[in-house]
Amino acid sequence: MGPSGSTPNQIPPHPSNLQMHESDRTAIAAVNAGDPHAFRALVDRHSRYAHRVAYRLTGNASDAEDVVQDAFLKAFRQLSRFEARADFRTWIHKITVNCAIDFIRARRHRETAHDPADLERGLVAEVPSSHGPTPDRALLSLEIQERVTVGLGGLTPLERAAFMLRHLEGRSIDEIGTALGLKTEATKNSVFRAVRKMRVALEPLMDVRHD
Amino acid sequence: MTDPSPHLTHDDLVLHYYGEAADSAVRVATHLRTCAACRHDSERLQRTLALIEANAEGEPPTGYEATMWARLKGQLDAPRPWWRRLVNDGPVRWAMAGTLAAVLVGAFMAGWLAREVAAPPPARVEATDTDTAAAVGKRVLVAAVGQHLERTQMMLAEVLNASHGAAMDVAVDRARAADLVATNRLFQQSAELAGDAQIDDVLEELERVLVELANAPADLAPADLDALRARLERGGLIFRVRVLSDQLRARQEPGPLDQTKGSTS
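Protein chains in written order, with our numbering: chain A, 1 to 211; chain B, 212 to 476.
It should be emphasised that the hints constitute simulated quantities derived from the structure, not laboratory data.
Be aware that a few hints might be false.
[What the hints assert, rightly or not] Derived SDA-like pairs (lysine to any residue); straight-line CA-CA distance at most 20 angstroms:
# : chain 1 : residue 1 : chain 2 : residue 2
1 : A       : K183      : B       : R385
2 : A       : K74       : B       : W280
3 : B       : K284      : A       : Q69
4 : A       : K94       : A       : R48
The structure presented is a predicted model; accordingly, all values stated were derived computationally and were not measured.
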């Protein structure tokens with residue numbers, strides 16, 4: 001990933017590289033032939049990955065689980081259309097993102113307006129101030145993880161969704177706005193606020209060497 | 212973006228990072244080459260965002276796959292309703308999709324005619340004796356989607372051809388877009404049921420644009436109008452709609468059904 005127009009890691013590489021796993025094909029063929037239990041192989045192989053995708057967007061393990069369940073049900077019902085497609089993981093990734101967007105849109109009414117400045121002040125208070133940088137890589141890694149988690153936890157659901165769709169899914173601002181039902185400026189502002197909050201959360205680590 | 216400061220703003224840097232600076236891309240790049248302070252800030256932003264990538268995933272607990280399967284299994288085992296078995300099994304999918312499309316067309320046209328008396332009547336699609344139920348269904352869907360695409364094209368053409376740099380009153384277009392969204396969604400469901408990926412994909416993309424227009428302010432500002440135009444032009448959406456519209460029209464013209472022609476699915 002890099003700045004200025006580069007495409008973030010939209011779809012992480014499949015473990016078996018570009019080839020769809022042979023057992024995926026076998027399972028898909030069995031389901032399409034009338035054996036719904038063969039679908040378990042696909043759930044076993046891809047649900048953990050789908051959960052990570054859903055969690056990035058929803059920021060909540062329980063919500064992510066609901067999204068994954070919905071995504072796999074949709075995949076099951078549309079599996080007869082899948083044959084010509086290249087890779088099941090790519091397909092389930094797309095379905096999961098769309099299900100997460102639907103989920104986020106459905107819960108938008110719970111989103112409350114915040115003054116970004118207040119949130120930033122709150123976030124600063126939430127970040128443990130006693131954690132100074134440490135040269136130990138393991139501890140540093142833990143601290144990064146902790147601060148990212150706290151930072152993401154300080155985002156509103158809409159900010160998180162807009163930011164993750166832009167940052168990790170590589171969606172354009174226009175696409176995000178359409179998906180989330182926001183105007184372009186509102187979408188940009190959601191991303192701007194999210195990045196600003198993450199910078200506040202991670203700022204103490206910026207002068208630490210990560211190598 | 213109108214910050215009088217000679218330095219780049221946070222928002223400038225974020226848009227630049229994501230390649231969304233568009234109008235200000237040259238200004239930002241030029242400034243970064245010459246301003247050490249902004250370059251430093253930009254580098255810190257890059258490092259911050261890079262940290263998030265590797266640490267944003269929530270790892271599910273051990274045994275997650277079994278839990279998920281337990282949640283899914285009951286729903287996969289549940290007997291499918293008769294209409295779903297009918298839809299999913301065999302070539303009758305097209306007939307079902309066509310029937311659904313016919314109902315949708317009827318409902319939509321009833322509403323359309325009630326509002327716009329001058330609107331042309333829907334094209335009738337008559338089956339021959341040799342038609343199979345599936346082919347009839349497919350042809351009804353093709354005809355209905357073709358009409359829908361032409362109607363949508365006409366409306367979007369007005370947006371594309373509006374004066375540059377001026378606001379546009381889209382109050383009427385908004386209402387039409389809202390109507391078209393509902394129809395578009397139903398046709399997409401029909402195409403999905405029928406397994407027609409080409410129609411499905413175009414309608415999916417079209418829906419996003421229609422939703423955007425339906426939710427736009429009545430008096431669309433020049434910048435928003437330009438953004439909408441850019442969206443229509445990006446990815447060749449209008450071109451794809453025209454091509455599909457032409458293809459659907461061509462598929463309706465011959466008397467015999469297109470059973471021997473390649474399907475779009």
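> Which of the listed hints are not met by the structure?
Replying inline: The structure conflicts with no hint, since it agrees with every one listed earlier.
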